[in-house]
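Input sequences plus hints: build the corresponding full structure.
Following the numbering used here from start to finish, the sequence shown increments by one per residue and tops out at 667.
Since the hints were made in silico from the structure, they are not lab data. It cannot be assumed that every hint is accurate.
As the list claims (entries may be wrong) - With a straight-line Cα cutoff of 27 Å, these simulated BS3-like cross-link-like pairs (lysine-lysine) come out:
#, residue 1, residue 2
1, K327, K405
2, K447, K327
3, K324, K495
4, K177, K251
5, K447, K405
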Amino acid sequence: MSKNSAQNSAQNSALLEIQNQIMWNRLIAIVEEQAQTLIRTAFSTSAREAGDLSAGVFDTQGRMLAQAITGTPGHVNAMAASVGFFLDKYPAKTMSPGDVYFTNDPWLGTGHLHDFTMVTPTFYRGECIGLFASTTHVVDVGGVGFGADGRQVYDEGLYMPILPLAKAGTMDEAILEIVRANVREPVQVVGDLYSLMACNDIGCRRLVEMMDEFDLDQLDELGQYMVEHSHQAMLDEIAKLPKGTYHNSMRVDGYDKPLDLVAALTIADDGIYVDFAGSTGVSNKGINVPITYTQAYASFGVRCLVGSTVPNNAGSLAAVKVTAPEGTILNAPHPCAVAARHITGQMLPDVVMGALHQAMPDKAPAEGTSCLWNPALMGGHGLVPDAEFGDATPFAVGLFHTGGTGARPLKDGLSATAFPSGVRNTPVEINESIAPIIVWRKDYRMDSGGAGEFRGGTGQIMEIASSENAPFAIAAAFDRVHHAPRGREGGLDGFTGRVELTSGEILRNKGTQTIPRGDRLHLEMPGGGGYGNPLKRDAEQVAMDVRNGMVSAAAALEHYGVVLDDQGVVDVPATEKRRALNA
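What follows is the structure, given as structure tokens:
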């Protein structure tokens, strides 16, 4: 090869690399617009306000090429596997323009019946070139409601296998009628199905525009480039870690007895392997986890610390392999009840990061609330046990809220913030506008964040009542009531949660229960664990926490050794003396 030919070849290779990166970024922009379309068109607060959704683009082999930044790991990473199940039943070559497929099968979708996944093929020049998929949590699917009371998945509501919802652009109205007839909020649920279709359609249109702009015939070469580069980038990050097997376990509340989540994490040359052998067996209540949801959150826990800047797609996900023995709570087979699978599955990033902490000191945060604290409230005939409901408005609503996250090695935890799910707190005004409830109180829970050099995020306190002075029910599905989020590196544990009535009665943290007429539901959400020795926390930062209502003056003295005067100013000599005594 001549010198000029070699230079031209190098230049062409560099230009191709640049073009591939531009198209890669374009795909990410497309799926982000896809997700934002879902948010803007959604009928339910779970997507519109909380962002409990996912969106992504896939090649015809079912490999996820790009995901939206907006969304939750439990949906995104589970959906990454779900599209393969769609293609197993309906191969791309059998699809036609205008086809749309959907399911809420917990084992083929994202873990429980409340999540609907929609898949739409994209056609260009007469050929299927890829697929867009999206998932959202709907407000109701019938059955016993969104809680942990079911004993089998059949109790938990409408169960739709992978089916075509539209063929060649024509909706299957019979399927929509079945959905409407089986849910308590048919307008919201069917509206969200249309929103899923709309966001996929936007993705398809934008992809066709991209194909025209870059004069592409197919996505195969770009997809292979994205997958290979992401996979290699993950392997490069893993190569920096000490090889070996690291163990960690966590005990959580369970339904009526504690559960143990046990992990062995192996760092090898060809990837990271997480095995949950030794975890508690399946429950007879709806807190079981299908394996795809376990894989989703366990791999997310790894990605938080390893290769966090590598794009999330089929290539990067392939470097993390997650297994759990069938019959354990983290690989619950059909027909186990799974409606509240999130209160178990969302603990897994903390379990995984606890194992990785042994290989990567000073990287993993302390444990946090982890699972969402979503009061699922209902009212109406037959929904409120042993209570006279009268003529009050029937309703079903889910409120998305949470406690504090664990402190980080160099920063405090986040207060009233959902990690690992990333969903947002639902605004009080929105909930009150769509359901006959009143939120009388919503504020930070003082002292709930574990003390440390970096403080755990604080939980929050909520008080909720009927706006019609009627009894209503809560399908409680909360954890960290009996087992606190643990601190790390000398940090103290966060507070456990509380579920009670303002009249003083203690409620169970799982199961459907009644809030009587005239009483209020009182929730105190957990705080995150602290990180590092509390006596090393900057005294002025402690004083600021006291001024902001995050820490009491008593806790500042007891845990941090900080003495404040009557104006809340640090007494430096007294603080130094106190800390010397406590050291």
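Status of the hints after comparison with the structure:
| no. | hint | result |
| --- | --- | --- |
| 1 | K327 x K405 | holds, 16 Å |
| 2 | K447 x K327 | holds, 17 Å |
| 3 | K324 x K495 | holds, 24 Å |
| 4 | K177 x K251 | holds, 14 Å |
| 5 | K447 x K405 | holds, 21 Å |
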